[in-house]
Every structure is written in structure tokens, then in C-alpha cells.
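In order, the protein sequence lines correspond to chains R and Y. The first sequence finishes on residue 294 if you use the numbering used here, and the numbering steps up by one all the way, no holes. The second sequence finishes on residue 433 if you use the numbering used here, and the numbering steps up by one all the way, no holes.
No lab work stands behind these hints: they were computed from the structure. No false leads were mixed into what you were given.
If we take Cβ atoms under 7 Å as the criterion, some of the chain R residues that face chain Y in the derived model are:
1. T50
2. A208
3. Q209
4. S248
5. S293
Computed footprint of chain R on chain Y, listed as stretches where at least three residues anywhere in the stretch have a Cβ under 8 Å from a Cβ of chain R:
6. 347-353
7. 412-425
The C-beta atom is built at its ideal place from N, Cα and C for all residues, glycine as well.
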Amino acid sequence: MKKFIIVLISVVFAVSSAYSQEEEKKKDKPVRSPFGSGILIDNQTCEIPTAKTLEMLIQHRFGKMDNGIKDIWGIYSPGANIRIGFNYSILDNLIIGYGLTGRKMQSDFQIKWNILQQTRKNTIPVALTLYGNMAIDGRDKENEGIWGMNYKFSNRLSYFGQIIVGRKFTDWLSIQLTSSYTHYNLVDSTSDHDKIGIGINGRARLSAQSSLIFQYDVPLKIKNISEQHDFINPSKPNFAFGLEISTSTHAFQIYITTADGILPQEIYMFNRNDWTKGFSNLMFGFTITRLWSF
Amino acid sequence: MKKTRLLQVTTMVIIGLFLISWMVPQDQKKPGPWEIPSKYKKMENPYKDDASLNKVGKMLYAKHCKSCHGSKGLGDGPKAKQLETFPGDFSTAEFQEHPEGVLWYMTYIGRDEMPSFEKKITDEEDQWAVVNYMRTFAK
Numbered sequence: 001m002k003k004f005i006i007v008l009i010s011v012v013f014a015v016s017s018a019y020s021q022e023e024e025k026k027k028d029k030p031v032r033s034p035f036g037s038g039i040l041i042d043n044q045t046c047e048i049p050t051a052k053t054l055e056m057l058i059q060h061r062f063g064k065m066d067n068g069i070k071d072i073w074g075i076y077s078p079g080a081n082i083r084i085g086f087n088y089s090i091l092d093n094l095i096i097g098y099g100l101t102g103r104k105m106q107s108d109f110q111i112k113w114n115i116l117q118q119t120r121k122n123t124i125p126v127a128l129t130l131y132g133n134m135a136i137d138g139r140d141k142e143n144e145g146i147w148g149m150n151y152k153f154s155n156r157l158s159y160f161g162q163i164i165v166g167r168k169f170t171d172w173l174s175i176q177l178t179s180s181y182t183h184y185n186l187v188d189s190t191s192d193h194d195k196i197g198i199g200i201n202g203r204a205r206l207s208a209q210s211s212l213i214f215q216y217d218v219p220l221k222i223k224n225i226s227e228q229h230d231f232i233n234p235s236k237p238n239f240a241f242g243l244e245i246s247t248s249t250h251a252f253q254i255y256i257t258t259a260d261g262i263l264p265q266e267i268y269m270f271n272r273n274d275w276t277k278g279f280s281n282l283m284f285g286f287t288i289t290r291l292w293s294f
Numbered sequence: 295m296k297k298t299r300l301l302q303v304t305t306m307v308i309i310g311l312f313l314i315s316w317m318v319p320q321d322q323k324k325p326g327p328w329e330i331p332s333k334y335k336k337m338e339n340p341y342k343d344d345a346s347l348n349k350v351g352k353m354l355y356a357k358h359c360k361s362c363h364g365s366k367g368l369g370d371g372p373k374a375k376q377l378e379t380f381p382g383d384f385s386t387a388e389f390q391e392h393p394e395g396v397l398w399y400m401t402y403i404g405r406d407e408m409p410s411f412e413k414k415i416t417d418e419e420d421q422w423a424v425v426n427y428m429r430t431f432a433k
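Chain R with its partners taken away, still in its complex shape (with noise of 0.2 Å):
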């Protein structure tokens, strides 16, 4: 009986060594590049570099364009706000990163995760991605206008987390689907804690290196999470468009877009501006990005 089971365990280890060499074989490789880069305006993609790699980010927004030229469109305005920051891959399909911004002293911390890559033969469809960040508002606690008469640290803190599914559909167009919670420890009495939306983003190729990008995000009304009783003053939805140029270890892009905040919650919980209202309500943004393989 004995030497049964053991012929037995071997005959089954030795068919599924067999067959998981022949898997490999046959194994499906995830689609090439279907995003220049990590970011996509304001939006993550599912794109993560290679493990060992250190990302720099620079995201930038000008005043908005109302002032046409007496401004340059918003280039000299006043404004304008900045991101900087810094990512690292962990594994090929895991990164960490810390920034730091302009508007309100923010520095966050954040983390994605690709969960399924898509790939050639389509075993598996689309990208699976999450993302989820949380930023320290840095602004002086003395001031009463923001914090209240009893501040705590905890009052500071915001946290985003996105579920991101994205498809290449051919070469030339990548589209990503994205539903996202919002919430902030501390707000004003006329906006709301939580926040949930959705968006779509996307990328059109022109070349190798160029490619059309655009984005909509939509902040939900959502009677069940808010607290207010109308709707008065909602957030609106982030329009943008622009040009990206990415090469072996840069992404340039350059858009177009309604929200001055660069973290997704003060995009999705405070954006105001509204991009069908035109000039008076957009604004110039660049984003660079440069990699450093270690």
C-alpha cells in the first residue's frame, strides 16, 4: 500500500511538474505599455515600473486662463499650485510613494497596486488596479479659521482610495474606468466628509513617443453619505485634455483642466470650478515625470 501512495504522489508530481512547464510555455504576457506613464493628469494608470525603480513627479498648475492675455492665460498668475514627488516600485507590480504640495502644505503618502495586468491574448481582459493615498494638511495650527477653537492632529488627515479598470484596446487607444471614496477628517459646515466617484480617462497615440490624453471625473451626489440637505454648492466634475510626450525614462504632459487641486480628494471633495463655463473656469497644467532604474 505504501509504495502505492508513493508511486502515486510521484506519477502526480511529475504530471504537474510536466504541465506547469508546458503553462509557462504557453503563458500569456501582459499587453506593452498600454499608458506612458504612471499618471494620466491627475488620474493613477495601471502603469507601474519595473521593481527597483525610482519615479520623480512634478505636477503643476497655473492661475486660470479668465484673464487672457493681460496674464498670459494664467502663466503669470498668481494661482498657480505644485506637486512634487517621489515613488518607488517595490515588486513590478507594487509602488510606494510621498509628495509634497503646495496648496494647503500638504504631504501625502500613497500606494498601487496592480492586482491583474492585462495581457496579449486576452486571458485576462483588462487591468486591475488600486490606489489609496493619505495626505496631512501642513497648515499652521494656530489658525483658528481652519482648525476651530480645539484643534487635534487627526483634523489634518485626508484619505482617497480608487479602484482603476483599464483596457488597451489597440496600439493607439488605452481607456481606464475608476470609482473612487473620498473622505476627509475635518471640513466646513456647507461640504460633505465622504465622497464617492467615477470617471474615465484615456490615451489616443499619435506616435511612439506623443499621445492625445484626456480625463472626466465625476464627483456623485449621494444622498445617503451627505450632509447637507441640498445640494448648493457641490463639487463639479474635472474636464481635461492635452498632449503627452513620453521617451525612455521621461513623460511630459500638457493639458488643459478645471481643478486647481493636484491630489485626487481635492479634486473629487472641493473642485469648483466648472469646465463649461469656459475660460474663466480652466486653467494650464504640466505634469514631468523621470525614472531612475537601480
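Fit chain Y to the supplied structure of chain R, relying on the hints for placement.
Positioned in the frame of chain R, the structure of chain Y alone reads:
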């Protein structure tokens, strides 16, 4: 007296500028011979003549290589002038005579100003697609 002095200085400055105009920036160094480990010399290209990779090779070359090596592989990309060493002319018979594995080594391992691309083009199929595309530059 003052006028004579001024004339002398002006003449010397003009002669000086004239002489400087003959000085040219130092030429780029010619690339020296590569030391390729023997295992790479014998390395075979499993995707040789795979026409399905033509577009992939062209796209990857444009993204990663063109800025230095130029669109036709002549070493005349916009960043080539900033390099101390001429990045090479891929269209020459001398270059094209290199075995497949040698081209792979030069491309992905690199040396000096030629960076390693092992972590930027990670898929083996894509790596060979670029080597195949470099073969199309032959005169």
C-alpha cells in the same frame, strides 16, 4: 595718444577673436572596440525574421533609442551632439556584421554613455524586436 592706445587695443581684440574663431570644439571620440563575453557572441536570436515584431521594434526604437541614434540609426539624433563618444552608425557593414548576441549585449548591457536597457525593455521578445529593427538600417 589716447586714440592710438584705443586703436592698438581694438586691433588686438579683433586679432584675438579672429584666432579664437579657428578653434573648434573637440570632436567626439570614436567608439573603441567592445569587450563582449564569449557567451553573448554565440547567443542566438529566437525571434530572427519574425515579421510580427517589426512594428514593436520600430515603436520601441523610437521611444528609447532615436534621441541619440537618430531615426535611421546614423548616430545623428538630437541628443547625440551632447555625447562624448559618437553613438555609432548602424547602417555600416562593419556594424551589421556583428552577430545577433553581440548586438543584444551592446544594446541591453551597454557601457559608458550607452546605458543599460535591461530594466526599461524587460521582455525578451521586445529586446530582440529592437535588434531586428536595427538590422533594417543596413545600407
